[in-house]
Amino acid sequence: MAETTYLEAIRQALFEEMHRDQTVFCLGQDIGHFGGAFKVTRGLLETFGPSRVIDMPIAESAIVGVAIGAALRGLRPVAEMQFADFVTGGFSQLVNNAATFHYRLGVSVPMVVRLPSGGGVGGGPFHSRNPEAWFTHAPGLKVVAPATPRDARRLLKAAIRDPDPVIFLEQKYLYRRLKEDLEQELEDADYADYADGAEGSGFEERGDDAVRASRTRARAEGEEEDSDLLAFGRARVARRGEHVSIVTYANGVGLSLDAAHVLGQEGIQVEVLDLRTLVPWDYEAVLKTVAKTGRLLVVQEATRTTGFASEVCAVVAELGFENLDAPIRRVTAPDTPTPSEQGLEAFVRPNCDRIVEALRWLLAY
Amino acid sequence: MVLSRRLEMRIVELYRQGVVTGGCYTGIGNEATSVGTALVLEGGDVLVPTHRDMGSHLVRGHTPLEIMRQYLKRATSQTGGRDTGLHLGREGSNIVGMISHLAHMMPVAVGVALAERMQDRRSVVLTTVGDGATSLGDFHESLNFAAVSKAPVVFVIVNNQYAYSTPTTLQFASKKLSDRATGYGMVGHTVDGTDVFEVLCATEEAVARARAGDGPTLLECVTMRMRGHSEHDDFKYVPAELIERWSAWDPVERLSAYLGEQGLLTPGARTQIEQAVAEEIEDAVHTAQAEPLPAPQSAVKDVFRRWDDRATVPDIETYEARRIRHG
Ligand SMILES: Cc1ncc(C[n+]2csc(CCOP(=O)(O)OP(=O)(O)O)c2C)c(N)n1
Ligand SMILES: [Mg+2]
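Going down the list, the sequences are from chains A and B.
Position one of the first sequence corresponds to residue 1 (our numbering), numbered consecutively onward.
Position one of the second sequence corresponds to residue 1 (our numbering), numbered consecutively onward.
Calculated directly from the structure, the hints in this document are not laboratory data.
Only a predicted model underlies this, so the values are computations on that prediction, with no experimental measurement involved.
The C-beta atom is built at its ideal place from N, Cα and C for all residues, glycine as well.
Don't take every hint at face value.
As the list claims (entries may be wrong) - Quick look at which bits of chain B chain A covers, simulated, 3 or more residues with Cβ under 8 Å: (1) 72-83; (2) 141-148; (3) 164-173; (4) 293-304.
Unchecked claim - One side of the interface only, derived from the structure: several residues of chain B facing chain A at Cβ under 10 Å: (5) 43; (6) 46; (7) 48; (8) 87; (9) 88; (10) 101; (11) 104; (12) 138; (13) 263; (14) 276; (15) 310; (16) 315.
One chain only, chain B, in its complex shape (with noise of 0.2 Å):
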């Protein structure tokens, strides 16, 4: 949790100094729903995140310098400067590229799950949506198929109290997300989404019903996003005392103190902790920003798996120069 708020705050100062550049959207407030998540999964497990998930990517195994490589757009990314964010996910990972269209990696996640029933293998998958996505077909599509096909998926809702600038009030009129479970024939709950045991507790059984091939549940987590929609939002529209309640529920501060009362964290400790965070990160940041950027060419590549170069349509140069060349 504190690599992913680390890590997050870096991103943010390069954002500012014009080094990381496009949308720049943080989980910070996140953390204890992004990483006790994803904390639950088995190695077979499938993680279908969103855009604010860095705690899970973490968790699952990218690393602080595969993240920078992608902020930094490097040709030595895993999407070679071709997409943003955090769209990762390479073939064979457990992890699935998200894109950027809210709730469309739902119905994604239950292809997923099927695909592992259908191949005997006892994998779970979870997928995470924020409160916004919650109104797109999408949602409604997968949350009633999963449900009718037993599909061992666990659906979080990040319920961070806004979409970009709209608040609940005007997203949804249910009193809790997870009371739409109901309608679709599954289990539903809601959560505290800053406390990290909470989120562990609630994952832990719903991946165990999904397991045990009792089918899908719609996990809520309630948070509140710290910091703008993406960075360029200043979020005036957020009330200040909303900001200032949820400051002394920060997941990370909580967790800490937590530990710190329990005797199992010193605040020696901590601070080794954010040390070693914070070496890791300066590594990352060092080694993404000396590598290349990606050729230009390189824009028009891999556009599918197979494909005969000789079929593309050329521009009348390339043409006349092969003509030339033939006779």
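Same shape as in the complex, but just chain A (with noise of 0.2 Å):
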């Protein structure tokens, strides 16, 4: 069977869409002939043409700011940043006006914005960076973020088809290093199967009644039903296990899992939680993790201080405290811009080492 790259999946993502509904359309910098800066958008030209393409000037505040604008208008536009970091042009746009314009008249602004984000590469302070908090923090938008594949090509297809502004966060680190068949019939081990089997966290509510009830209902309104589509706002649990967790999310499920298989090889079973999209969030998952190893890890890439990590740390403190047998801990980078040079970078950047010694952590507690 073909595996697919975690980059493919994304293309693959695009060009289903842009067949599936005429309204889709990408723009972005050298996107067109050139295909993207990552190649992300190769090919999408020749067979959609220049006006479901559109090369832009270097300009990120008018490519957010004309998604808006055409996204006003019935369409459905894909903006490429070339790289996460260059966002901040763009900035203003996206939380001033995509994220207001429907709390304040109703008006749907259906947009995705594909930020290639993370380090990892050596990219240093301005290819490198992780900027999903400062979106997290601008209500009205909401934002992804897939670990793998699947996810990745099931989200965006999601995240096109949403009537929201979405912030779509793909790792570069993950473009090529990740492969997976697409094919392959999965255990969708998302929160819905995992709600059944734990205990005591007051949620069975949500167990696959509700599910099937938020099915039926969107059926009602009108949307298709597609296994290809991932709703948003649910976690998948990446491994299973007793004794600890983990939540974390992008490049942090993979670490996660070579430090749960580092310890797995010990006895010690880790529970590793892919959140999978931030806003909105599955908080019911993460505390029914909680609930059952009573030790929680939060993983993330980016930096300390108020990332989503520590929204994640915060309602576990509020509403699972009581079933925590040690404190919260957390592996993230240090607030620092990101540095440059392999070592520096390596210095900063979460690894599995880091992860095994705060389980290690976490368990002798």
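Hey, can you piece these two chains together into the complex? The hints should help.
See below:
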């Protein structure tokens, strides 16, 4: 069976959605005949033509603003930032303009901004950014951060069909490193399945029945049901375990699975929960896993202070306090810009060893 | 133009009484531009106005009642009390609801224009900014891309001599703001923004150019902000002579005088217009004032078009109650 890279999975989603829906179009810098800085949009121009694959001047605010305008008039733009770092130029358009239309005027803004994010590639301070917390702190934007090719494809398709502005964080570290057979039937270990097995969190109402009910509602609202789409706000149990939990997303997932594997060889069962989306986020699944293991490590590649991990910790401290058997711990980057030289970057980037170390500390507590 | 002037004066009065709160920006002195530009648009065309464009809103169908509801922050207003001033434009209408951030609607206007063209609609988009807003990056990014993509947009600059307290001499060094058009490869004109006929003619030409597929136009309308930036502002920084000079070019009175000279408007007819306008405004004020304020709980609704409330993290009381209910 053919394996698909994380990058190819994103590209596939773009092709599929543009074929399916005439209103979907792409805009960004060098995305046309060049195929994008990472080649995510390779072949789109040849297939869909220059009116649906628009090479833009180097003007991030205009790219985001134009996407907003198009979204207001019946189209579904997918804007690419060349690197997530450069979204700063379009930041105001996102947090002030795109994010407020529905709240202010009931106007839907169905648009996606794709952000090639994260470090691990020697990109230095201006090509390594993990900007998720900027956007999770701006009400009105949905934030998606897939960790696998399968999720990247399904979440991007869902993002394109979503009626709200979506920040789509794709990990350039994973673009070519991660491969998966997308055809293969997988046990979909998302929260709905997970809810049945776990105890003591008080969320039984959101088991399979609730999921079925929400599907029925979606159908009644005329949305097509599509197993190719992945609903937002449903964490994935990337690995089941009994002794300690890791909650993470994006690049953190691979590192956490490596660490779980290391401890697994010692008979320690680590549960790894991949949040998949940050707005909305599956706090219920997080409380569930904490109820099960009593020990929580939150892993994020982004810098430490007021990162998304901070929010996870806060909610567990508020709502899951009595289930904790140890303090919550975090593994994150320290509060510095991302340095470029390999050794420097490795020093700040969360890695498997650091996660193992934190897990041992939690287990010994 | 009379309706715009009187409605704004009434809003100023309500502001002084503390009934209208927050920023209170008016387009007094700007009526020929806001009305004249909007009048040229056809039904399918799209207006992306800014904060002193009361006249454009009225021309494009927003009623004094809708406007009063918004200023009085009623539950019945378009924004349900969530936003202020002229930030109006519901889904499906051909007005895009502005945000406060200056020049931020310009790239949006270009996006609207491209979307219209991509869907084979021959609409034109007209958007307005002030002289101060021409210093922002979005102004340049938008003009550049609109010219590159030959977007059917008319960019109107309302040069009213001031940006808050900052005079144009501290804002830009160009002789005329329309000179900048050359640098972007588009057509630019400067007209007297207090003369509605000049504004109409220049806008017609620009709209025709956009509709023909010949790209955007930068149209500078020169006028004077006849009041403070907002009503809290006594605008002492504006020399009295300047206000005096521009008073002679009051756009409403200029039009009225012209129509009088041409025998098209008798003093009686003018009085009738004033009376009709006053009545409509008073009706709007009374109706809006009698309507309810928004329910406080509505503040947390509608952030998204699609949202499952169960995805909102509850506070601990709600969470505990749910736990007890479900065992
Ligand atoms: C990005 C941004 N910075 C500052 C402000 C505050 N502000 C509101 S209006 C204004 C002056 C605008 O001047 P101009 O563009 O000439 O428009 P005018 O008010 O004169 O019509 C300022 C500074 C703002 N709304 N947006
Ligand atoms: Mg001004």
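Problem - Within 8 Å of chain A's CB atoms, at least three CB atoms from the region 72-83 of chain B: coverage verdict - result: holds (count 4)
Practice task
Verify the coverage statement for the region 293-304 of chain B against chain A, using a C-beta to C-beta distance below 8 Å and requiring 3 or more qualifying residues.
Solution key: holds (count 3)
Handout entry: chain A contact restraint for residue 138 of chain B - C-beta distance below 10 Å
Key = holds (5 Å)
Handout entry: Hint check: 10 Å Cβ-Cβ cutoff, residue 104 of chain B to chain A
Key = holds (6 Å)
Exercise for the section: Using 10 Å as the Cβ threshold, decide whether residue 315 of chain B counts as touching chain A. Expected result: It holds, given that the least Cβ distance between residue 315 of chain B and chain A is near 8 Å, below 10 Å.
Practice task
Count the residues of the region 141-148 of chain B whose CB lies closer than 8 Å to any CB of chain A, then report whether that count reaches three.
Solution key: holds (count 5)
Practice task
Mind checking the CB of residue 310 of chain B against every CB in chain A and telling me if the closest is under 10 Å?
Solution key: It holds, given that the least Cβ distance between residue 310 of chain B and chain A is near 7 Å, below 10 Å.
Exercise for the section: Grab the minimum C-beta distance from residue 48 of chain B to chain A and call the hint holds if it beats 10 Å, violated otherwise. Expected result: holds (8 Å)
Exercise for the section: Identify whether the interface hint at residue 276 of chain B stands, where standing means a beta carbon of chain A within less than 10 Å of its own. Expected result: violated (30 Å)
Exercise for the section: Count residues of the region 164-173 of chain B with a Cβ under 8 Å from any Cβ of chain A, then say if the count reaches three. Expected result: Our answer is that it is violated, as 0 residues pass the Cβ test (under 8 Å) against chain A, missing three.
Practice task
Double-check residue 263 of chain B for me: the hint is only fine if its C-beta lies closer than 10 Å to a C-beta in chain A.
Solution key: violated (44 Å)
Handout entry: Interface hint compliance - residue 46 of chain B to chain A, C-beta minimum distance less than 10 Å
Key = holds (8 Å)
Of the numbered hints stated above, those contradicted by the structure are hints 3, 5, 13, 14, listed in ascending order.
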